[in-house]
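**Student:** Respectively, the protein sequence lines represent chains V and D. Using this note's numbering, read the first sequence as starting at 1 and increasing by one per residue. Using this note's numbering, read the second sequence as starting at 1 and increasing by one per residue.
Hints were generated in silico from the structure; no laboratory data involved. Because the structure is a prediction, the values reported are computed rather than measured. Don't take every hint at face value.
[Claimed, not checked] The calculated DSS-like cross-link candidates involving lysine-lysine, where the alpha carbons are at most 30 Å apart (straight line), are: (1) D/Lys201 - V/Lys41; (2) D/Lys150 - V/Lys41; (3) V/Lys4 - D/Lys249; (4) V/Lys4 - D/Lys222; (5) D/Lys203 - V/Lys41; (6) D/Lys150 - V/Lys58; (7) D/Lys211 - V/Lys41; (8) V/Lys438 - D/Lys109; (9) D/Lys211 - D/Lys198; (10) V/Lys41 - D/Lys22; (11) D/Lys198 - V/Lys41; (12) D/Lys150 - V/Lys294; (13) D/Lys222 - D/Lys198; (14) V/Lys4 - D/Lys211; (15) D/Lys22 - V/Lys294; (16) V/Lys294 - D/Lys222; (17) D/Lys222 - D/Lys211; (18) V/Lys4 - D/Lys214.
So the chains spell out like this:
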Amino acid sequence: MNQKNIDYIIELSNELRWQIGDDFHDNLTESIYADAANIVKDTVQVDNSKKRFRLDSKIDKIVTSKTFGFPIMFLILGLVLWLTIVGANYPSSLLASLLLDNMHPILKSGAASIGTPWWLDGFLIDGVYLAVAWVIAVMLPPMAIFFPMFTLLEDFGYLPRVAFNLDSLFKKSGAHGKQALTMSMGFGCNAAGVVATRIIDSPRERLIAIITNNFSLCNGRWPTQILIATIFIGAVVPGSYSSIVSLLAVIGVAVLGMGFMFGVSWALSKTLLKGEVSTFNLELPPYRPPRFWKTIYTSLIDRTAIVLWRAIVFAAPAGAVIWLISNIYVGNESIAEWTINSLDSFGFLLGLNGVILLAYIVAIPANEIVIPTILMLTVLVTGIDSGAGAGVMFELDSMNATGDILRAGGWTLLTAINLMLFSLLHNPCSTTIYTIYKETKSTKWTVFASIMPVILGFIVTFLVAQVWRIIF
Amino acid sequence: MNTKVKSACEMCAHFNADGLKKLGIHTDNFDFVVALAGNPNTGKSTVFNALTGLRQHTGNWPGKTVTRAEGGFEYNTQKFKLVDLPGTYSLLSTSEDEEAARDFILFGKPNVTVIVVDANRLERNLNLVLQILEITDRVVLCLNLMDEAKRNHISIDVRTLSRDLGIPVVPTSARFSEGIPELIQTISEIANGNIVCKPHKIKSVPNNIEKAVKTLANEIEKEFPNIPNSRWIAFRLLEGDTQIINALKAGQLV
């Protein structure tokens, strides 16, 4: 290679560029299109006597229409949630009775028979094993229903239509329309939603999408919402309405989350992340009838198994930590009791309590274990005898029993509502935080994305608690 | 029992089904690199899965593949490493995913590039195909979604298309694994030099531009004999593409 010749080539190209003028790029593009048209003319034949894409455009007219677009979206979301709530009940209690009612005593007596010291047996079986068993019993059934249904919708081609419907809302809040897609991914898992923001080209809009993805209720939080709504909000109305009212409450929280997503995106695009909204082409792909069994299989193997595995990995050490802080005493109090007592007054301001705040600290690695932690800590504080020892996570046979324990712990309707709000508005789980750091490579934005939702959560629950106490 | 024959190729003596082994993510010591390019939402990831036996998540929305996925398969004791590039409509602009796709084809120098196109939207898909044909001459066109084309009453003359483009064309319905054996066979033949492509070069260029391109391409060929994409480099130089100018200076284009 001769550097002089290379320089000559580049010089020549500069000279020729002047000669051929400004239209070069357009001319080249036009030539390509002309060639493509020629080739297609000779090779492709379309039978126009039969209408094409007829069904697709008919469906699109309905699901993206101004009148029906949103109602259909909520209807589909409601249906998926309802099937998840109803369908998960039975396998959940089956798994609970198997892993918790039957396996746990067997393990305990087995450990006793070989003379395991109480602390090792407590640490491993009451801490680690029970946490893992609880996560499997509670998480697996809803995920095994929710993920395949979500994947079927995705494979069918519904997600781009959601993006189409939400596009103008995102645009008005100064964000990218494709954020609707990353938001939908966030409904499954926020970490996945954060990775999916790579489809957004503009760094500014991508950052907005990353920061606000946490407002999509993720899979780890749906069960909490569903459980609390069923116990407390469904109980306010007569029995025949209770399931529909609790369903509406859960959808309400999910929609509120979307509201916060728009609001925070708007605020960011007006302050810290100012800039123009970029335009983009959103292609509505043809509807493709999903290959039903294959989709079910892959979504079970890939998504469900991966998310479940992650939950188990985090639940095991968390169970150990709960057992430890409940059994290590400083003076007369266990560490858990001491922390709860010192957090109680701050919790009261927020309409929550010390137990809930501590549970959220313990559950930073995985949102899935918030409810069992709360139950265990409540039992510890109220001294209700449930048959299990200190620091033992357990599943209760019926939702009524869960409700009784929580009420004995001083829970009211306000506590339930604020817990649902706080479950929506708090820091992302550790996996998501790590993913945000990997994607943004910025400590500043990672810290911001982690702290901002908690502060919002404090503000919102505080306001709700004050207003509630004035009214009631 | 009547076993369904998926394709004639699977039965053919030339296709060695026993020689096929899907390697998943194990791609050490490969013999050939195969790039998978195409427009968004044409089923690239599905083709990728069908070739490698992996279960890279696919979804019916454009831009699903955000990371460059890699996998492999073994055919007739040769190992092929497959790289799934992000879907792009063109290689002429400078968005991140277009650059990633272009750079891999240009600098990664894959032994074979498979372009996956949607048979229902061939004309628009050809925009990318014609651009890639300017860069590399070892290409096979995977005419995917043939099942949908059939439903839409679109028929494509595969032989004429293949002759016009100067590259092998393999019709497939990757979702149902139809045409995948033929695709594997074709990839292997191109990699081993049994099929030599004479790719279509962009024709309908205005005279003054064509003249400038020729002058420049000649100079480039003088300096780098045997370069397959002198014309494309000329296009990019005329466009003032600084990345290509720098690559030329650094000698990365050969």
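**Student:** Each hint: holds or not?
**Tutor:** Hint check results:
Restraint check: the Cα-Cα separation between D/Lys201 and V/Lys41 comes to about 17 Å, which is no more than 30 Å; the hinted pair holds. About 18 Å separates the Cα atoms of D/Lys150 and V/Lys41, which keeps this hinted pair within 30 Å; it holds. Pair hint V/Lys4 plus D/Lys249 holds up; C-alpha atoms about 10 Å apart against a cutoff of 30 Å. Proximity of V/Lys4 to D/Lys222 is assessed by CA-CA distance (about 13 Å); at most 30 Å being required, the pair is judged to hold.
Restraint check for D/Lys203 and V/Lys41: the C-alpha separation of about 15 Å stays at or below 30 Å, so the hint holds. Distance check on the hinted pair: D/Lys150 and V/Lys58 sit about 20 Å apart at the alpha-carbon level, within 30 Å; holds. Between D/Lys211 and V/Lys41, the direct Cα distance comes to roughly 27 Å. Compliance with the 30 Å bound is thereby established for this hinted pair. Taking the CA atoms of V/Lys438 and D/Lys109, the gap is about 29 Å. The hint holds against a cut of 30 Å.
Under the criterion of a C-alpha separation no larger than 30 Å, the hint pairing D/Lys211 with D/Lys198 is consistent with the structure, at around 22 Å. For the suggested pair V/Lys41 and D/Lys22, the alpha carbons sit about 38 Å apart, so the restraint of at most 30 Å is broken. For the proposed pair D/Lys198 and V/Lys41, the alpha carbon gap of about 21 Å is at most 30 Å, so the pair holds. Between D/Lys150 and V/Lys294, the direct Cα distance comes to roughly 22 Å. Compliance with the 30 Å bound is thereby established for this hinted pair.
Taken as a hint, the D/Lys222 and D/Lys198 pair is honoured in the structure, with Cα atoms around 21 Å apart against an allowance of 30 Å. Between V/Lys4 and D/Lys211, the direct Cα distance comes to roughly 23 Å. Compliance with the 30 Å bound is thereby established for this hinted pair. Between D/Lys22 and V/Lys294, the direct Cα distance comes to roughly 19 Å. Compliance with the 30 Å bound is thereby established for this hinted pair. For the given pair, V/Lys294 sits about 55 Å from D/Lys222 by alpha-carbon distance, which is inconsistent with the 30 Å threshold.
Under the criterion of a C-alpha separation no larger than 30 Å, the hint pairing D/Lys222 with D/Lys211 is consistent with the structure, at around 17 Å. With a CA separation close to 20 Å, the supplied pair V/Lys4 and D/Lys214 stays within the 30 Å bound.
Violated hints for the displayed structure, listed by number in ascending order: 10, 16.
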